[in-house]
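Quick note, the sequences are listed as chains H and P, same order. Quick note on numbering: the working numbering labels position 62 of the first sequence as 324, and the sequence is numbered without any gaps. Quick note on numbering: the working numbering labels position 51 of the second sequence as 653, and the sequence is numbered without any gaps.
Derived from the structure by calculation, the hints contain no laboratory data. Predicted, not measured: the structure shown is a model, and the values here were computed from it. Be a bit skeptical, because a hint or two may be false.
To be verified - Now the in silico label distances, taken between C-beta atoms and shown as ranges:
no., chain 1, residue 1, chain 2, residue 2, range
1, H, D321, P, M652, 36 to 42 Å
2, H, P344, P, E603, 24 to 30 Å
3, H, G356, P, E603, 27 to 33 Å
Note that beta-carbon positions come from the ideal geometry of N, C-alpha and C, so glycine has one too.
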Amino acid sequence: DQQVKQNSPSLSVQEGRISILNCDYTNSMFDYFLWYKKYPAEGPTFLISISSIKDKNEDGRFTVFLNKSAKHLSLHIVPSQPGDSAVYFCAASGDAAGNKLTFGGGTRVLVKP
Amino acid sequence: EAQVTQNPRYLITVTGKKLTVTCSQNMNHEYMSWYRQDPGLGLRQIYYSMNVEVTDKGDVPEGYKVSRKEKRNFPLILESPSPNQTSLYFCASSLTENYGYTFGSGTRLTVV
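Use the sequences and the hints to build the structure in full.
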């Protein structure tokens with residue numbers, strides 16, 4: 263059973279609008295969460311992370327929100343740009359080093375010009 | 603340039619023929635890890651290493667071996683590959699705290 267789930271396999275959004283990617287987890291021991299972005303033929307690249315002691319972390323156009331009681335996190339991209347078109351993975355771990363990361367299945371984002 | 607380098611990028615092999623996928627990082631990272639990516643399943647951790655000579659199993663270690671004799675290298679060994687190991691493999695490394703992994707570009711393995 264997948265402990266980290268991204269229920270939307272794909273998302274299409276207009277350039278300039280907000281992209282919202284969702285991720286749910288089941289393991290209450292997870293206390294560190296990360297988002298990765300992946301372009302075709304490349305490895306995933308780290309985007310943003312959040313510790314369970316926070317409920318929000320912002321980095322430029324990217325904001326991650328964490329709702330521990332709901333075991334839910336989301337990634338907001340505002341404004342969306344065509345270069346944001348990629349597959350996004352959320353990941354969770356039980357330690358800040360993220361040694362044992364559990365990934366979701368990914369969400370493919372397409373930003374239309 | 604700081605990077606994680608995997609070789610080869612593409613590999614087609616036959617069932618049972620031992621193979622090694624190499625991974626090297628130039629960032630002096632202590633932590634290294636191997637993942638496989640399969641459609642709908644995201645990335646699943648195979649093995650990870652916290653330092654030289656320290657390794658541990660991830661979520662899907664069956665059929666794989668690793669070694670960490672030097673800090674920079676973390677090869678993945680398939681002693682007797684089978685078709686269900688056909689996948690896209692990623693090596694990654696990280697600093698000890700509050701850093702996400704840096705991933706290599708991937709190795710697409712096909713076992714026939």
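Now for the hints, and whether the structure bears them out:
no.	hint	in the structure
1	H:D321 - P:M652: 36 to 42 Å	violated (27 Å)
2	H:P344 - P:E603: 24 to 30 Å	holds (26 Å)
3	H:G356 - P:E603: 27 to 33 Å	holds (32 Å)
Checked against the numbered hints given earlier, the structure breaks only hint 1 and satisfies all the rest.
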